[in-house]
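Undergrad: Line by line, the protein sequences are chains W and A.
When you line the first sequence up against our numbering, it's residues 164 to 380, in that order.
When you line the second sequence up against our numbering, it's residues 164 to 380, in that order.
Keep in mind that the hints are not guaranteed to be accurate.
A pair holds if it fits inside one copy or across any two, identical chains being indistinguishable in the list.
Pairs of lysine-lysine, DSSO-like flavour, derived with a Cα cap of 27 Å [what the hints assert, rightly or not]:
{"hint": "1", "residue 1": "Lys-263", "residue 2": "Lys-183"}
{"hint": "2", "residue 1": "Lys-283", "residue 2": "Lys-171"}
{"hint": "3", "residue 1": "Lys-171", "residue 2": "Lys-184"}
{"hint": "4", "residue 1": "Lys-263", "residue 2": "Lys-283"}
{"hint": "5", "residue 1": "Lys-263", "residue 2": "Lys-171"}
Keep in mind that the hints were calculated from the coordinates and are not lab data.
Note that the structure is predicted; figures quoted are calculated from it, not measured.
What follows is the residue order along each chain.
Protein chains: 2
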Amino acid sequence: MITVALAKGALLEESVMRFKKAGLDFSSVLDPNNRQLMIPSSCGRARALLVRNGDVPVYVAFGQAELGIVGYDVLREQQMPVAHLVDLSFGGCHMAVAVKASSSYRCASDLPPHCRVASKFTHCARTFFDDLDLPVELVHLTGSVELGPLTGMAEAIVDLVATGRTLQENGLVAIEELFHSTARLVGNPLALRLDSGPLQDIVEGIRTTNENTSLSA
Amino acid sequence: MITVALAKGALLEESVMRFKKAGLDFSSVLDPNNRQLMIPSSCGRARALLVRNGDVPVYVAFGQAELGIVGYDVLREQQMPVAHLVDLSFGGCHMAVAVKASSSYRCASDLPPHCRVASKFTHCARTFFDDLDLPVELVHLTGSVELGPLTGMAEAIVDLVATGRTLQENGLVAIEELFHSTARLVGNPLALRLDSGPLQDIVEGIRTTNENTSLSA
Numbered sequence: 164m165i166t167v168a169l170a171k172g173a174l175l176e177e178s179v180m181r182f183k184k185a186g187l188d189f190s191s192v193l194d195p196n197n198r199q200l201m202i203p204s205s206c207g208r209a210r211a212l213l214v215r216n217g218d219v220p221v222y223v224a225f226g227q228a229e230l231g232i233v234g235y236d237v238l239r240e241q242q243m244p245v246a247h248l249v250d251l252s253f254g255g256c257h258m259a260v261a262v263k264a265s266s267s268y269r270c271a272s273d274l275p276p277h278c279r280v281a282s283k284f285t286h287c288a289r290t291f292f293d294d295l296d297l298p299v300e301l302v303h304l305t306g307s308v309e310l311g312p313l314t315g316m317a318e319a320i321v322d323l324v325a326t327g328r329t330l331q332e333n334g335l336v337a338i339e340e341l342f343h344s345t346a347r348l349v350g351n352p353l354a355l356r357l358d359s360g361p362l363q364d365i366v367e368g369i370r371t372t373n374e375n376t377s378l379s380a
Numbered sequence: 164m165i166t167v168a169l170a171k172g173a174l175l176e177e178s179v180m181r182f183k184k185a186g187l188d189f190s191s192v193l194d195p196n197n198r199q200l201m202i203p204s205s206c207g208r209a210r211a212l213l214v215r216n217g218d219v220p221v222y223v224a225f226g227q228a229e230l231g232i233v234g235y236d237v238l239r240e241q242q243m244p245v246a247h248l249v250d251l252s253f254g255g256c257h258m259a260v261a262v263k264a265s266s267s268y269r270c271a272s273d274l275p276p277h278c279r280v281a282s283k284f285t286h287c288a289r290t291f292f293d294d295l296d297l298p299v300e301l302v303h304l305t306g307s308v309e310l311g312p313l314t315g316m317a318e319a320i321v322d323l324v325a326t327g328r329t330l331q332e333n334g335l336v337a338i339e340e341l342f343h344s345t346a347r348l349v350g351n352p353l354a355l356r357l358d359s360g361p362l363q364d365i366v367e368g369i370r371t372t373n374e375n376t377s378l379s380a
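Work out the full structure: start from the sequences and follow the hints.
TA: Take a look at the structure:
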């Protein structure tokens, strides 16, 4: 039995599609009435775990799922020991430093030393500011990070930006990009090494579909 | 201008009610079409920040909100420097250790040393198992913790239990309670010390309503 970890939310529909093209149909997770967290594939030889974005690498790293699809942002933040297999090119967004549009900061190094920076991605933010040699005080928030600068708690935020609409609605502007993020197929390293074929078939199926999708895009 | 931090989700409606009875009306946050995160009170002398549960203590501790309402579970987990003002008695639930109903464990000390325990509340869990002198490996998950035992990743979970329905649906059973949790009114210690009256009036208003509610209940 192959188990795959799928992230609830924005990546789910396309993740299901990619596995379907590789022969594993988990379409029933897309049913809005679905309350199950563990869903068998229609062929019966696999099951999907429907989990939060941030939990996909955990289930894959601990081997409870052999494969998973998750955003590169989560992989960068969590640093779990999973094998990065395929860049699936969808779910594109970037991790960015943003400040109030009315501020005078035009790049991250303009920020004053020891200022506060709010983020859900404090590991990514720490690495970025350490590389810049700019000491900042990171404030970990779990949501609505844009309130940080609006309330005066933080001078800047580090957050994911897809369309930029949320920033704009809150009078914020991105001033520097940390990295670009897309959905990735990841795997449990030991499961891949011990695999006698079936896992590799799915990985290859997804890789082929991905190359065709990229070519036709 | 007084700022209060309100938690999105299960506690929101009753939190708005309690502030309303103390003279601050933030009813507009309950409008399902509301997209604003910072909402003025109808009297104009206060505003509410609508944030995630876990972020309430952060905004209060950093002084961006003078008051806030949040679950005791979050306060125990985060250990932020906020003043605990009033136990509001609503939103009751308990933090519990749960295992598969089919397992032989009947209390937490039955768990095998070095087993894995999954939780969103790893600080609470760590303190509990340390006090028990039972070494366990904690796995931090961000949601659907009940999948931990179901997939075999963890022997047990530490999670909030309100009605017990989620546990039951997943074939799990609570075997030990860590603590009972209810909504709490918290405040920024410095703001309370520097207050010339208005904050204390609101705290007293909420305290009085709370005592009347408790008496009539």
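Undergrad: Evaluate each hint against the coordinates.
TA: We went through each hint and held it up to the structure:
1. Lys-263 - Lys-183: neither (43 Å within a copy, 32 Å between copies)
2. Lys-283 - Lys-171: both (18 Å within a copy, 17 Å between copies)
3. Lys-171 - Lys-184: Answer is within; shortest intra-copy Cα gap is 19 Å, inter-copy 38 Å.
4. Lys-263 - Lys-283: Classified as within; 18 Å inside a copy, 32 Å across copies.
5. Lys-263 - Lys-171: Classified as between: cross-chain Cα gap 24 Å, same-chain 31 Å, threshold 27 Å.
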